[in-house]
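Using the sequences and the accompanying hints, generate a full structural model.
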Amino acid sequence: MEVLLLPIIPVTCGTLAVLLRRKRKLPLTLFFISCAATIVVILTLIGQDKTYQIGQWGAVGVTVGFDELNLPFMLSSMIVAAAVCLSASTRAIYDGYFYGLVMMLLGGLNAVYISRDLFNIYVTFELASIVVYILIAYGKKGKQIWAAMKYALLSTVGFSIFLIGAGLAYMEAGSFSFAALDDVGDLAGALIFAGLAVKSGLFFLSMWLPDVYNSTPAEIPLLSGMVIKAEDYLILRFISYGSFTWLAPMYLAIGTISAVIGAVYAMSTQKSQRILAYHTFSQIGFIVTASDIHGAWHAFSHSIFKGLLLLSCGKVGERLKTNDLSKWKGNIRLSEYIPILVGSLAIIGFPLTSGYVTKGNIIDNVPFIAVVMLTIASVATVISFCKLVFIPLSRRPLKLPLQLIMAYAILASGILFHGVIKFDYYKVPESAAVIGAGVLIYFLIRKHFRPLSRRFELLDESIIMFMVFVAVVLTVLIL
Amino acid sequence: MVIYISFLAAAIGIYGMIVCRNMIRKVISLGILETGTTMFFVGVSAATGLTAPVVPGLDNLGSSFADPVPQALIITGIVINFSILCLLLVFTIMLMNRYHTIDVNTIEKILEKEE
Numbered sequence: 001m002e003v004l005l006l007p008i009i010p011v012t013c014g015t016l017a018v019l020l021r022r023k024r025k026l027p028l029t030l031f032f033i034s035c036a037a038t039i040v041v042i043l044t045l046i047g048q049d050k051t052y053q054i055g056q057w058g059a060v061g062v063t064v065g066f067d068e069l070n071l072p073f074m075l076s077s078m079i080v081a082a083a084v085c086l087s088a089s090t091r092a093i094y095d096g097y098f099y100g101l102v103m104m105l106l107g108g109l110n111a112v113y114i115s116r117d118l119f120n121i122y123v124t125f126e127l128a129s130i131v132v133y134i135l136i137a138y139g140k141k142g143k144q145i146w147a148a149m150k151y152a153l154l155s156t157v158g159f160s161i162f163l164i165g166a167g168l169a170y171m172e173a174g175s176f177s178f179a180a181l182d183d184v185g186d187l188a189g190a191l192i193f194a195g196l197a198v199k200s201g202l203f204f205l206s207m208w209l210p211d212v213y214n215s216t217p218a219e220i221p222l223l224s225g226m227v228i229k230a231e232d233y234l235i236l237r238f239i240s241y242g243s244f245t246w247l248a249p250m251y252l253a254i255g256t257i258s259a260v261i262g263a264v265y266a267m268s269t270q271k272s273q274r275i276l277a278y279h280t281f282s283q284i285g286f287i288v289t290a291s292d293i294h295g296a297w298h299a300f301s302h303s304i305f306k307g308l309l310l311l312s313c314g315k316v317g318e319r320l321k322t323n324d325l326s327k328w329k330g331n332i333r334l335s336e337y338i339p340i341l342v343g344s345l346a347i348i349g350f351p352l353t354s355g356y357v358t359k360g361n362i363i364d365n366v367p368f369i370a371v372v373m374l375t376i377a378s379v380a381t382v383i384s385f386c387k388l389v390f391i392p393l394s395r396r397p398l399k400l401p402l403q404l405i406m407a408y409a410i411l412a413s414g415i416l417f418h419g420v421i422k423f424d425y426y427k428v429p430e431s432a433a434v435i436g437a438g439v440l441i442y443f444l445i446r447k448h449f450r451p452l453s454r455r456f457e458l459l460d461e462s463i464i465m466f467m468v469f470v471a472v473v474l475t476v477l478i479l
Numbered sequence: 480m481v482i483y484i485s486f487l488a489a490a491i492g493i494y495g496m497i498v499c500r501n502m503i504r505k506v507i508s509l510g511i512l513e514t515g516t517t518m519f520f521v522g523v524s525a526a527t528g529l530t531a532p533v534v535p536g537l538d539n540l541g542s543s544f545a546d547p548v549p550q551a552l553i554i555t556g557i558v559i560n561f562s563i564l565c566l567l568l569v570f571t572i573m574l575m576n577r578y579h580t581i582d583v584n585t586i587e588k589i590l591e592k593e594e
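For the record, the sequence lines run as chains A and B. Residue numbers for the first sequence follow the working numbering, beginning at 1 and rising by one. Residue numbers for the second sequence follow the working numbering, beginning at 480 and rising by one.
Derived by calculation from the structure, the hints in this document are not laboratory data. Glycine residues also receive a C-beta, built at the ideal position from the N, C-alpha and C atoms. Please note that the accuracy of each hint is not assured.
Unchecked claim - Just the calculated beta-carbon pair ranges, DEER-fashion:
(1) B/Asp582 - A/Thr322: 24 to 30 Å
(2) A/Thr375 - B/Arg500: 40 to 46 Å
(3) A/Leu4 - B/Pro547: 36 to 42 Å
(4) A/Leu43 - B/Thr585: 51 to 57 Å
(5) A/Ala253 - B/Gln550: 51 to 57 Å
(6) B/Leu487 - A/Ile441: 51 to 57 Å
(7) A/Ala36 - B/Leu487: 29 to 35 Å
(8) B/Ile503 - A/Ala36: 44 to 50 Å
(9) A/Val371 - B/Leu487: 41 to 47 Å
(10) A/Gly330 - B/Glu594: 46 to 52 Å
Next up, the structure:
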């Protein structure tokens with residue numbers, strides 16, 4: 001039953017941190033204690049594939065479990081949360097309450113990962129989501145409150161549809177457990193999938209994402225990224241059940257479309273945080289297209305390199321008070337540029353980084369048409385990140401706080417460690433061709449980038465697009 | 480019957496969310512959608528029978544009982560939905576204090592100009 005410790009430890013430490021928030025360093029210490037304890041529990045569980053029933057309730061009882069699909073998601077959320085807390089400790093506005101909320105978020109997400117029944121997923125996910133809404137609006141600025149509101153409205157609509165799907169599954173199978181998903185009809189699967197899609201970080205469905213990335217302090221987008229990964233975990237988990245297998249071509253279609261359109265949007269914009277937000281759409285497209293253990297490990301590497309990029313670009317944006325890359329030219333210091341460079345190399349799939357390993361694995365295991373689309377998306381990724389990689393630097397030195405350097409070091413070591421131990425020579429020519437093509441195209445067309453319409457990001461349009469998606473899923477089901 | 484009415488309520492809620500520009504009305508529409516979902520679970524419970532699943536002295540053993548599991552679970556759902564609605568209303572108040580409007584389109588225009 002040690003699985004149950006995974007949510008209990010962070011939530012208990014989080015509650016203590018909120019109660020003792022006035023003590024100066026105690027909440028941060030509690031955070032690292034909870035991280036260390038959780039990592040010990042995870043280490044004892046690695047390699048196991050177990051499910052446990054709590055109590056003697058049979059099919060209607062609560063089931064929890066741990067298997068290889070949980071591992072990348074739990075590790076990535078822990079690493080990202082550690083970086084967030086280290087970076088946050090350099091600011092005065094984050095008190096014990098903030099660290100308490102981060103721990104509760106971590107506990108909520110761990111509860112999602114170990115849950116093996118639909119209703120528990122709903123409860124634990126909403127717990128994690130409410131914490132994230134509060135964290136997004138933590139700075140109490142107008143833009144941040146609006147971003148939190150938009151996110152909350154859209155995801156609550158999604159979860160209502162999820163709940164109807166869960167109810168249908170119960171009606172047909174008499175149980176909320178995942179095992180019952182093999183015995184229920186396709187309609188329940190369709191509604192559960194459509195409900196989850198709103199938070200998954202796919203283009204056209206999660207259009208709240210650019211607002212969250214663009215309006216909040218550097219640390220917060222990393223936390224909302226953790227919630228996106230939990231949603232993707234569920235999408236990957238459900239594909240193995242009977243009522244979801246018919247959705248496999250749809251995963252492929254929306255994954256590849258999101259990968260390409262996200263990268264094209266990122267290519268066209270000049271704002272650093274928007275580039276990163278659109279690239280989240282693109283990379284989540286890679287994960288959903290793969291829909292297997294390779295996708296799960298890409299979610300792990302994406303969490304870490306995107307975390308490094310969001311943190312480093314966010315800090316530069318805060319220092320220069322703008323996210324506009326044209327105003328960064330000549331003002332960015334070497335100490336700020338190094339983490340941006342490491343993150344950018346990982347996202348474009350440069351050898352010896354985690355992005356190279358996981359992207360390569362995905363491309364090896366998907367059908368030919370998806371390979372073509374994902375290669376186009378990879379070239380577009382290289383083009384958009386050339387804007388960051390080839391940015392002119394300032395020669396003046398800048399001393400960063402020790403905690404921030406430690407946060408960068410945690411994330412960068414994750415990228416390089418994963419990249420080096422899983423390095424494989426045979427994909428180097430492929431990666432070199434993609435990077436070479438991207439750099440060449442960047443230098444040919446860099447004067448012609450124009451921002452594309454942001455109409456899709458308005459609240460009403462986002463809800464309409466989500467409803468259209470639900471209608472498309474149901475139509476495919478009927479046909 | 481209850482199930483069909485619940486779908487209708489959910490549809491009304493979604494329609495309201497798309498059509499209303501006023502933020503309070505949007506939140507109320509979300510409330511209607513959530514109530515529709517709750518009602519659906521009541522319908523799921525009632526599928527096996529209508530007698531309350533409470534048996535003092537085991538008098539009603541002959542009748543068919545409503546399924547207690549969805550009812551017990553949806554109480555948690557009601558609490559979560561209530562807390563989210565409260566949070567959304569708090570956000571609305573905060574936005575009203577900053578921008579002196581609760582019209583969604585106006586707020587989006589102001590924010591675009593700010594950027």
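Between A/Thr375 and B/Arg500, does the beta-carbon spacing fit 40 to 46 Å? With a Cβ separation near 43 Å, A/Thr375 and B/Arg500 satisfy 40 to 46 Å, so the hint holds.
Between B/Asp582 and A/Thr322, is the Cβ distance one that fits in 24 to 30 Å? 29 Å, holds
Indicate whether the distance between the beta carbons of A/Ala253 and B/Gln550 respects the range 51 to 57 Å. 39 Å, violated
When you take the CB atoms of A/Val371 and B/Leu487, is the distance between them in 41 to 47 Å? 45 Å, holds
With respect to the beta-carbon atoms only, verify the hint that A/Ala36 and B/Leu487 lie 29 to 35 Å apart. 52 Å, violated
Go ahead and decide if the range 51 to 57 Å is satisfied by the Cβ distance of B/Leu487 to A/Ile441. Between B/Leu487 and A/Ile441, where Cβ atoms are some 52 Å apart, the hint holds.
Kindly confirm whether 36 to 42 Å is satisfied by the beta carbon distance between A/Leu4 and B/Pro547. 25 Å, violated
Take the C-beta atom of A/Gly330 and the C-beta atom of B/Glu594, compute their distance, and say whether it sits inside 46 to 52 Å. 23 Å, violated
Satisfaction of the hinted span 51 to 57 Å by the C-beta atoms belonging to A/Leu43 and B/Thr585: Because 53 Å falls inside the window, the suggested range holds.
Please test the hint of 44 to 50 Å on the beta carbon pair from B/Ile503 and A/Ala36. 46 Å, holds
In summary, the numbered hints that this structure violates are 3, 5, 7, 10.
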